[in-house]
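Asks: Given next are the chains, with one letter for each unit.
Protein chains: 4
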Amino acid sequence: MNLEMIRSHPVATAVDATVLANALEALAECSQACTTCADACLAEDMVSELRACIGLNLACADVCAATARVLTRQVGRDTAVVTAQVAACVAACSACGSECERHADMHEHCRVCAESCRRCEQACTDLLTALG
Amino acid sequence: MNLEMIRSHPVATAVDATVLANALEALAECSQACTTCADACLAEDMVSELRACIGLNLACADVCAATARVLTRQVGRDTAVVTAQVAACVAACSACGSECERHADMHEHCRVCAESCRRCEQACTDLLTALG
Amino acid sequence: MNLEMIRSHPVATAVDATVLANALEALAECSQACTTCADACLAEDMVSELRACIGLNLACADVCAATARVLTRQVGRDTAVVTAQVAACVAACSACGSECERHADMHEHCRVCAESCRRCEQACTDLLTALG
Amino acid sequence: MNLEMIRSHPVATAVDATVLANALEALAECSQACTTCADACLAEDMVSELRACIGLNLACADVCAATARVLTRQVGRDTAVVTAQVAACVAACSACGSECERHADMHEHCRVCAESCRRCEQACTDLLTALG
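Protein chains in written order, with my numbering: chain A, 1 to 132; chain B, 133 to 264; chain C, 265 to 396; chain D, 397 to 528.
Simulated from the structure, these hints should not be mistaken for laboratory data.
Glycine included, every Cβ here is placed at the ideal spot set by N, Cα and C.
Heads up, some of the hints might be wrong.
Listed next, the stretches of chain C that the computed footprint assigns to chain B, with coverage defined by at least 3 CB atoms under 8 Å from CB atoms of chain B [to be verified]: (1) 314-320; (2) 332-342; (3) 355-366.
Over 10 Å on every C-beta distance to chain A, these chain C residues come out as not near it, computed from the model [what the hints assert, rightly or not]: (4) Arg271; (5) Ala278; (6) Ala285; (7) Asn286; (8) Ala302; (9) Thr347; (10) Ala351; (11) Arg375; (12) Arg382.
Label pairs and their in silico Cβ distance ranges [what the hints assert, rightly or not]: (13) C:Pro274 to D:Ala476: 50 to 60 Å; (14) D:Leu524 to B:Leu260: 24 to 34 Å; (15) B:Ala262 to C:Ser362: 18 to 28 Å.
Kindly generate the complete structure, drawing on both the sequences and the hints.
Replies: Printed below as a string of structure tokens:
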């Protein structure tokens, strides 16, 4: 659906529409996975050992959500803003992915969330390359 | 992916997991569609006639995003909060869907966005029924 | 500053500008207090007893932030949407305030956050009355 | 209130508490000002000349809101994530401030919003310096 919406937009995107649509999908998935993982970690018996994971999950969810919105808007698009926000998102996905990977063997939600973070990190890295 | 995450959560959901996963997917799609539609309307030549559509798109995007987060969290879940927030989302999707439908013949982004709003309105209505 | 911004807006607000500005200030304060309280609870030794508080804090922060945005927008304003979202915010502030009050004697952040929730609940209730 | 909440938090902040509280206040104010300014611009007769301003206002509002949340969380705090997100916020406030300044003589909401963006840009720059 993202691609359909992007193509009906009067303004051309700065990067290839499929690269942008791919990033938007990864961002939405990662934001949702991180929100769920934070809540699932909070419900675990060993919550006191999952504090850093919860904190990073919540940060990554917020950064992904804001990045998706910044990337969606073509009107008033500012390259410096877009590039800096996507770079912040790469940092958030990388940090959260690494933390979730540490618990991936023990918690299925951390395993799935880590994969989601890594996909999003890659999609944002590809986008930065495409932005030049 | 939502279903996989929900099933790995230590706390059982208040409603059937597939009903919840369906609502979360519809909410993410609608929030993204509304953000894109607002920006596409803003770029149209006839922007002055699309003001109400832009305003409702932005409101619906924010309400859907908040509703998805409230629904995702099982820890500290409060039925009154969940029910009231989902009801607010039904109102937002209904208002935005109706406004987008008025421009659906002229703007493809409004047509796609209206469909997304209607799907989300239905998913949230189903969820309210399931919540009882 | 909110009042200055509201008065420079070309569209008249649905309610008295000072009632609206008061609500917007309470919503921003409550959203920030809840985000801080969630993180402070997460850092406490007794985190396992504060899970519900963290979950409600996070929900209340999201609902307050979305409500502030809905209330800020006068273009495309829809009474049903505004009323339902403010009602959801009253429910969130009430639930979070009650939970924080249970820990107010033990945790200063819960005490301050509870007060912030109650102020926001009242400001939103006043707004609902003003909306009629 | 921010300072009171920060001081009741079990974890010490990475930077001086007053620098952090100052940044959080500037971020909340700027996010609110940008949301109002976007809506006020949308209501102006000359909306077609204010498109870029609306787009940048919406982006800046989202980036400021996410940055405030990232800065608020001390649990799982990651310097690379915080620094990159604050840098993205400096870029957003700078771009939005410059655009609003172009309309400051004509629209009071743009004048007030520009000042809010500049204050937030400075507060985030000070924070980056404090972070080292």
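Asks: With a cut-off of 8 Å between beta carbons, are at least three residues of the segment 314-320 of chain C near chain B?
Replies: Holds, because 6 residues of the segment 314-320 of chain C bring their Cβ atoms closer than 8 Å to Cβ atoms of chain B.
Asks: Are Leu524 of chain D and Leu260 of chain B spaced within 24 to 34 Å by their CB atoms?
Replies: Given about 46 Å between the Cβ atoms, the range is violated.
Asks: Does Arg382 of chain C really sit off the interface, with its C-beta more than 10 Å from all C-beta atoms of chain A?
Replies: Since the minimum Cβ distance to chain A is about 25 Å, Arg382 of chain C lies beyond 10 Å and the statement holds.
Asks: Range first: 50 to 60 Å. Now tell me if the beta carbons of Pro274 of chain C and Ala476 of chain D are that far apart.
Replies: Violated, since Pro274 of chain C and Ala476 of chain D (Cβ atoms, about 43 Å apart) do not stay within the stated range.
Asks: Taking C-beta pairs only, is Ala351 of chain C more than 10 Å away from all of chain A?
Replies: holds, 24 Å
Asks: Just want to verify: Arg271 of chain C was marked as not at the interface with chain A; is every Cβ pair farther apart than 10 Å?
Replies: holds, 25 Å
Asks: Run the C-beta distances from Arg375 of chain C to all of chain A and say if the shortest one exceeds 10 Å.
Replies: The claim stands: Arg375 of chain C keeps its Cβ more than 10 Å from every Cβ of chain A (closest is about 22 Å).
Asks: Take a quick look at Thr347 of chain C and tell me if its Cβ sits farther than 10 Å from every Cβ on chain A, holds or violated.
Replies: holds, 26 Å
Asks: So Ala278 of chain C supposedly isn't at the interface. Is its beta-carbon more than 10 Å from every beta-carbon in chain A?
Replies: Given that every Cβ of chain A is farther than 10 Å from that of Ala278 of chain C, nearest at about 26 Å, it holds.
Asks: Are 3 or more residues of the segment 332-342 of chain C near chain B, judged by a Cβ distance of less than 8 Å?
Replies: holds (count 8)
Asks: If I take the minimum Cβ distance from Ala285 of chain C to any residue of chain A, is it greater than 10 Å?
Replies: The claim stands: Ala285 of chain C keeps its Cβ more than 10 Å from every Cβ of chain A (closest is about 25 Å).
Asks: Count the residues of the segment 355-366 of chain C whose Cβ falls closer than 8 Å to any Cβ of chain B, and tell me whether that reaches three.
Replies: holds (count 5)
Checked against the numbered hints above, the structure breaks hints 8, 13 and 14 and satisfies the rest.
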